[in-house]
Structure formats: structure tokens, C-alpha cells
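Chains as they are written, first to last, in the working numbering: chain Y, 1 to 113; chain W, 1 to 116.
Derived from the structure by calculation, the hints contain no laboratory data. Because the structure is a prediction, the values reported are computed rather than measured. Take these hints with a grain of salt, some might be off.
Straight-line Cα separation of at most 27 Å, DSS-like style, residue types lysine-lysine; simulated pairs [unchecked claim]:
1) Lys-66(W) / Lys-41(W)
2) Lys-63(Y) / Lys-41(W)
3) Lys-17(Y) / Lys-41(W)
4) Lys-20(W) / Lys-66(W)
5) Lys-3(Y) / Lys-20(W)
6) Lys-71(Y) / Lys-17(Y)
7) Lys-41(W) / Lys-64(W)
8) Lys-55(W) / Lys-66(W)
9) Lys-55(Y) / Lys-71(Y)
10) Lys-3(Y) / Lys-41(W)
11) Lys-71(Y) / Lys-41(W)
12) Lys-57(Y) / Lys-71(Y)
13) Lys-20(W) / Lys-55(W)
14) Lys-14(W) / Lys-66(W)
15) Lys-17(Y) / Lys-55(Y)
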Amino acid sequence: SQKIEQNSEALNIQEGKTATLTCNYTNYSPAYLQWYRQDPGRGPVFLLLIRENEKEKRKERLKVTFDTTLKQSLFHITASQPADSATYLCALDMSMGRRALTFGSGTRLQVQP
Amino acid sequence: GAVVSQHPSRVICKSGTSVKIECRSLDFQATTMFWYRQFPKQSLMLMATSNEGSKATYEQGVEKDKFLINHASLTLSTLTVTSAHPEDSSFYICSARGSGAYNEQFFGPGTRLTVL
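Take the sequences, apply the hints, and build the full model.
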């Protein structure tokens, strides 16, 4: 069956360091992968989309890589700040054309001041 | 990015009653909206895909007669939880798909349903 796994349930880092989150998937070849941020009691907020033919994508302090051979995406936050503390979700469209998203279980990032 | 609203943000109801949740795309037209459910400490689980003017497509295990979805216009989809029970208590989130070629979705703020 198709699966999305985010290896770390929680990640604690010091302010100013780089946070690296991992998303692995199996039994699927997605055309693109997305990352979202979710704060407690709120809906997810779109951060980045990376296509299968893109190795890396950046947006301000965020960087996403996509390795279709390893079936893995890495999400980096550089110069992390306490305000970056949230749950980060990766998501794939595994819906055979319906454009619906399947989400990973999320990684809860805590940036300590 | 585009804005999606949900109403109400929080609802508490008695077991056996029905609850309607509205999802609106405020500044764009959404031919497709999605409904998700999220239990505590879990990720979002897709319940159904709602297409304007047609019947919703439900995910396996989601009862279509219990979770009624209506997508009457390009900016509004509603989810009605009929005869709600305590196990239906959850965080319900809708999203609307943008017009881009890829599936960038904009999510509503969610509705916290508590069934007593």
C-alpha cells in the first residue's frame, strides 16, 4: 500500500540552528510533493511545492529537496526562530487524478530560544 | 495566498443532533473542495472530495449518509454531520484547490466539533 512517513514525531533545536525534517514515501511516484505548516487548532498553511523534475527549491529561510530515487524529501529551516515552532506536514497527491492530498503524520518542531 | 473561511469555528452539540459546517473560498472560485478530519495528535485524513454541481466522492470507510456534502456554488461547500455521536468529535478542515496546474490547496481554519 502507499505510505507517507515523517520519521520524527518531534524535533527540538536551538534558535539559530538549521532544522531538517524528513518525509519518505513508498509505492508511489508523485509528480510533486508539498510541505505545510500547522499551528495548534488551526488549518494547515501551504509553504512549498516541489515538482519531480526539481531537485531543490528555496523560499526565504526554507529549502526543500526531492529525491525521487530515494523516494524522500528533506525540508530545511535555516536560522531557525522560536516563531518557527509548529507541526510541519508533507503531502502527496495519491488520489489518481482527483488532486486530493494524503498527509504524513507530521513533525512537531520546537525551537528553543 | 487565497483565503478560505469556515463557519462555525467551534460547535458543541448533543448526541443525535445534526451539525452543518460551511466552507467558503473568499477571493477565488473553487471547482473542487476537500473535507478532512483530524483527531488529536494525528494527521489530516481525507474524508471526501466535493465538486461543484456534482455528487461528492467519499473515501473508503466514510459514510456518505452520515456526512452529507453539498457544493452548490463555486465558493461554498457544506458538510453536515447527521445524527452526531461522541465518536464524531474531531477537528474538521476544508480546503479549496487553486487554479494552478498543480495542486496547491488553501485550507480553512478548521471547525472543532464536540458531541456530548
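Structure-based check of each hint:
About 24 Å separates the Cα atoms of Lys-66(W) and Lys-41(W), which keeps this hinted pair within 27 Å; it holds. Restraint check for Lys-63(Y) and Lys-41(W): the C-alpha separation of about 26 Å stays at or below 27 Å, so the hint holds. With a C-alpha separation of about 26 Å, the suggested pairing of Lys-17(Y) with Lys-41(W) holds against the 27 Å cut-off. With a C-alpha separation of about 12 Å, the suggested pair Lys-20(W) and Lys-66(W) falls inside the 27 Å cut-off, and the hint holds.
With a CA separation close to 32 Å, the supplied pair Lys-3(Y) and Lys-20(W) exceeds the 27 Å bound. About 26 Å separates the Cα atoms of Lys-71(Y) and Lys-17(Y), which keeps this hinted pair within 27 Å; it holds. Restraint check for Lys-41(W) and Lys-64(W): the C-alpha separation of about 25 Å stays at or below 27 Å, so the hint holds. Proposed proximity of Lys-55(W) and Lys-66(W) is supported: the alpha carbons are some 14 Å apart, at most 27 Å.
Our distance criterion of 27 Å between C-alpha atoms is met by Lys-55(Y) and Lys-71(Y), whose separation comes to about 12 Å. The hinted pair formed by Lys-3(Y) and Lys-41(W) meets the criterion: a straight-line CA distance of about 18 Å does not exceed 27 Å. For the hint linking Lys-71(Y) to Lys-41(W), the alpha-carbon distance of about 25 Å falls within 27 Å, and the restraint holds. For the given pair, Lys-57(Y) sits about 16 Å from Lys-71(Y) by alpha-carbon distance, which is consistent with the 27 Å threshold.
Distance restraint check for Lys-20(W) and Lys-55(W): the Cα-Cα separation of roughly 17 Å lies within the 27 Å cut-off, and the hinted pair is therefore satisfied. Pair hint Lys-14(W) plus Lys-66(W) holds up; C-alpha atoms about 16 Å apart against a cutoff of 27 Å. For the hint pairing Lys-17(Y) with Lys-55(Y), the CA-to-CA distance comes to about 23 Å; that is within 27 Å, so the pair holds.
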